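Take the given structure of chain A and dock chain B to it, following the hints.
Okay, here's what each chain looks like letter by letter:
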Amino acid sequence: MSKDLYEQLSNIEQQAKLTFEGLSEMKAVLAAVLEKNAELKIENKHLREHLQELGQPTTPKAGAQALSKSKQNLQNLYEEGFHICPYFYGSRRENNEPCAFCNDVIYGERTND
Amino acid sequence: MKFSINRTQFIKTLNDVQRAISAKTTIPILTGLKLVLSQEGLTLTGSDADISIEATLATTDEKNQLTVEEPGAIVLPARFFSEIAKKLPEDQMTIAVGDNFQTTIRSGKSEFTINGLDANSYPHLPEIADQNPFSIATDVLKQLIRQTVIAVSNQESRPILTGVHLVLNSGEMLAVATDSHRLAQRKLTVSVPSDVNYDVIIPGKSLIELSRTLADGDETVEIRIAENQVLFKAGNLAFYSRLLEGNYPDTARLIPTSSSTQIEFNAPVLLAAIERASLLSHESRNNVVRLTLNTADNTAIIYGNSPDVGNVEETLQFENLTGEDLEISFNPDYMKDALRSFGQTAIMINFTAALRPFTLVPSEDQEHYIQLITPVRTF
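Just so you know, the protein sequences line up as chains A and B, in that order.
First residue of the first sequence: 0, per numbering that gives the first Met the number 0; consecutive thereafter.
First residue of the second sequence: 0, per numbering that gives the first Met the number 0; consecutive thereafter.
Incorrect hints may appear among the rest.
[As the list claims (entries may be wrong)] Each pair of labels, with its calculated beta carbon distance range:
#1 A:SER67 with B:ALA345: 38 to 44 Å
#2 A:PRO85 with B:GLY216: 42 to 48 Å
#3 B:THR298 with A:GLU108: 28 to 34 Å
#4 A:SER90 with B:ASP249: 18 to 24 Å
#5 B:ASP98 with A:SER90: 55 to 61 Å
#6 B:ASP117 with A:LEU8: 41 to 47 Å
For the record, the hints were derived by calculation from the structure and aren't laboratory data.
These numbers were taken from a predicted model, which means no experiment stands behind them.
We treat Cβ as the ideally placed atom computed from N, Cα and C, and that holds for glycine.
Chain A with its partners taken away, still in its complex shape (with noise of 0.2 Å):
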């Protein structure tokens, strides 16, 4: 009796292991296609400017920042909630965390060194 609860409670303890494996999987999973979906939003949002630019060639972008386009995209990736900066490049801003060095990439002045 007291033999079959504890194969019983190793059949769980493997049960739950490979639940733990699973939910570890997905949760990596989701982070890639979530990383894959800010890039391809961002990507669709070049295309269809650019789209936009074959059609009316001269059109002055209204309400534009004096961003350059390769800064506005590290902007994008920092609002869809990702690090751009080089120490946590590409890791996730927990609860929507500011971060000062991603700030300062996107908004810092550069000087040439």
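Just chain B now, kept in the frame of chain A:
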């Protein structure tokens, strides 16, 4: 080993040393307290591998009433030993080590025998050569710690940011801490030869313990820095901490050099207002308050909002507002920590833009202490 000592003095020193002893250590002998007795005095050592504290009770100090009968060394289980020492009946206690490290603790009619360990198996404290020690006033060091550790990261996933970056360069000491959301920086002038330069990262936890250990009575703290250890010496106490390895991010460029909007507040008044505004923001998913500055109307209004509960709006009382209009959102908790560190004083807040970090400095001395907070984008 055999000696007798004044219990009150002994317990005082024991309490200091015990700060370093952790029950959760992976090295069993470190749950013990090391006692070393020589003709000069009794030295107590505690360590958790990250921090080590050593304190000496000198024979020459009459208050200690220390009589050395036979020099020696022993390691005793810290938790039991300190509880025993604290509960003994008389003012004086006698400790004697017998065979097999069996230690007898006697006071009045009470006698305990506990099992000790061989002091030779206790790890050696790092040797820090007397190369370029320098001193700082205890109260200044404590203030520096209090002002910077608030910005230290508590996420072990970013080990380097769990420390305070200490840079000593041509007689100027710079202490910086940041968790990437906010930053605290303190500058000090230290009297050292100008060719003495250091660049180290001290774990924030060590500094907090150090600050608790330093007695107000000691006037200065001597600091010695070696390859991977730092030693703080104050009075009869030596505090060792390991240093964090790695390169600290370049923080100098995070601090804005110019500003477009400046406002002056009384720190406690603003703190009270922020505390009120944060009552609701804590309930909301993104913990944010919004500050609106209008120079034409000369108003500063703070808003807190939680969709489920309600909202708050408060017109702030300030001293001086100049520059451009601004609307900025930030995490009120960072603001609270920063404001508390200023105490009862007037502060200047300098803004550059809604998305750029802003700084808080004391109105009186804008050079030596600065708090920086990164805003949150909410639109």
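Each hint, compared with the structure:
The hinted range of 38 to 44 Å is satisfied by SER67 (chain A) and ALA345 (chain B), whose Cβ atoms lie roughly 40 Å apart. Under the hint 42 to 48 Å, the C-beta atoms of PRO85 (chain A) and GLY216 (chain B), about 46 Å apart, fit the expected range. In this structure, THR298 (chain B) and GLU108 (chain A) meet the distance hint of 28 to 34 Å, their C-beta atoms being roughly 31 Å apart. A beta carbon spacing of about 19 Å between SER90 (chain A) and ASP249 (chain B) agrees with the range 18 to 24 Å that was offered as a hint.
The hinted range of 55 to 61 Å is satisfied by ASP98 (chain B) and SER90 (chain A), whose Cβ atoms lie roughly 58 Å apart. A hinted range of 41 to 47 Å for the beta carbons of ASP117 (chain B) and LEU8 (chain A) is consistent with their spacing of about 42 Å.
In terms of the numbered hints stated before, the structure departs from none.
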